[in-house]
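J.: Residues per chain are reported as follows:
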Amino acid sequence: MAKVKVKKQSTFIDMTAMSDVTVLLLTFFMLTSTFISKEPIQVTTPSSVSEIKIPETNLMTILVDEHGKIFLSLDFQQELVMKTLQDVGADYGYTFTPKQYDSFKKLKSFGLPINSMAAFLDLPVDKQDAYLTDVANARVGIPTDSVEVRDGLGVISKDNEFKRWVSHATSNDDALQIAIKADRKTNYPVVKKVIDDLRDMRKNRYLLITNLKTASSE
Amino acid sequence: MAEIQTNDHNEGGKNKQKKQQLRVDFTPMVDMNMLLITFFMFCTTLLKPQTMNINMPTKDKPVVDSGNDVRASGAVTVILAGNDEIYYYLGMPAEDGSSYEDASFLVQSSYAPDGFRQVLLKKNAGTYEQIQDLKVQLQRGEINDSIFRKMSADIQDKAMKELKIAPTVMIKPTDLSTYKNLVDVLDEMLICNIGAYAVIDMSDGDRYLLYKKTGNNAYLTPQQLAQGSSGVKGKKK
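Those protein sequence lines, which keep their order, are chains A and B.
Residue 169 in this note's numbering is what sits at position 169 of the first sequence, and the numbering runs on without skipping anything.
Residue 164 in this note's numbering is what sits at position 164 of the second sequence, and the numbering runs on without skipping anything.
No lab work stands behind these hints, which were simulated from the structure alone.
Just so you know, these numbers come straight off a predicted model, no measurement behind them.
Mixed in with the good hints, there may be bad ones.
[Unchecked claim] Each computed DSS-like pair below joins lysine-lysine, with the alpha-carbon atoms no more than 25 angstroms apart:
1) LYS135/B - LYS53/A
2) LYS135/B - LYS108/A
3) LYS48/B - LYS213/A
4) LYS135/B - LYS164/B
5) LYS48/B - LYS38/A
6) LYS53/A - LYS48/B
7) LYS185/A - LYS164/B
8) LYS213/A - LYS192/A
9) LYS213/A - LYS164/B
10) LYS99/A - LYS38/A
All chains should be modelled from the sequences, with the hints used to inform the complete structure.
T.: Here's what the structure looks like:
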């Protein structure tokens, strides 16, 4: 009789302590981490010892990939983001529907010529992602080659589309800071072109986004 | 998920009922937490990216003599070449052009801590130590960030204008260099507490020097290539 009783004891592991640990870990992760923002291109930034943190808002990030494709990410008030699209569209004679503005607002970053913007904004979100990540496509990336721009009065400006975006974004938001996030393998002429374009518009202060250099990587 | 464990044997009858234990099974709770942790680990990043401030000179007006010309004794020119190579020369090329024929004028260095950094530290001696002291004070919490910035700017200013010992570093990236090279060099400026530095374009003379040193004619401009080496020599002044 005694042996039978021993066999009937259930093996019940107390999970309370385990649960405590996991909740603590979870809290730690939730408090310390920030979400990875969705970017169409994978950029490996170079590392530096600089310890200045990037500002959270009022930031325009210029993403430059290895091959020199340029993407913009506008991080400021949404009405101003929409106004920027409106302004740039007006420069090239494009207008957008409210639905397209709504779609633009949801974009984290974008990079395509203004002439394909309307069609792009009509795509569903997953198609938009697929479109932007296809770097081999010549229609991806904000053009930096100069094309004549006509505004309402027929005045011709020699700015390229990238410059139009930057100048409208900065005129809409005075406190806007410009950050350049380029891949470490990007050739210097590509970066130089971006910086030269910005200097043309009297934007002479930039934040270069880098990783914190650790002792091992030095 | 409460599980009430009763004693299996009913021998004692109602008396044993008092020994009932109330235990909550936490296993599903742990499962869920683990899933959440996994989610957070994959979708978030702990490191916030850092930034580095850089100011470029304006294009507005041609740089006129504004009285703060670079002292030749303090000038350090760094040339970022291809293949992660780095070259530097101290001072200015001589007026008579002899520097262009002197093979030891342009010196090759490296991005390693014992490379170009040592050159800068030597040039910036005095200023570097003072700012390093400030950094220690900042870490100990004796001074705050804004005071630190003001004091180090003052030290750099004094070294530049009164003592005239601070170096001015001119960073000249070639077309063959990468963005990483540029950031690495800007990083050295931060490490060595250099106050005055600028990213500027290569001059024809610099191109010629680099060409002489490396033998790679990719550093030359198309015009220089067309004119041949005699044309290069003629242009250097």
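J.: Does the structure keep LYS135/B and LYS53/A at a Cα separation of 25 angstroms or less?
T.: 18 angstroms, holds
J.: Taken at face value, is the distance from the CA of LYS164/B to the CA of LYS135/B at most 25 angstroms?
T.: Since the Cα atoms of LYS135/B and LYS164/B sit roughly 23 angstroms apart, the hinted pair holds (cutoff 25 angstroms).
J.: Mind checking the alpha carbons of LYS99/A and LYS38/A for me, to see if they're no more than 25 angstroms apart?
T.: Status holds; Cα separation ~22 angstroms.
J.: Are the Cα atoms of LYS135/B and LYS108/A separated by 25 angstroms or less?
T.: 38 angstroms, violated
J.: Do the alpha carbons of LYS213/A and LYS192/A lie within 25 angstroms of each other, as the hint requires?
T.: Since the Cα atoms of LYS213/A and LYS192/A sit roughly 24 angstroms apart, the hinted pair holds (cutoff 25 angstroms).
J.: Check whether the Cα positions of LYS48/B and LYS213/A lie no farther apart than 25 angstroms.
T.: This hinted pair holds, its Cα atoms lying about 12 angstroms apart.
J.: Has the given pair, LYS213/A with LYS164/B, been kept, meaning a C-alpha gap of at most 25 angstroms?
T.: Between LYS213/A and LYS164/B the Cα gap is close to 32 angstroms, so the pair fails against 25 angstroms, i.e. violated.
J.: Holds or violated: are the alpha carbons of LYS48/B and LYS38/A at most 25 angstroms from each other?
T.: 15 angstroms, holds
J.: Does LYS164/B lie within 25 angstroms of LYS185/A when you go C-alpha to C-alpha?
T.: 37 angstroms, violated
J.: Measure nothing beyond the straight line between the CA atoms of LYS53/A and LYS48/B; if it is 25 angstroms or shorter, mark the hint as holding.
T.: 7 angstroms, holds
The earlier numbered hints that this structure contradicts are 2, 7 and 9.
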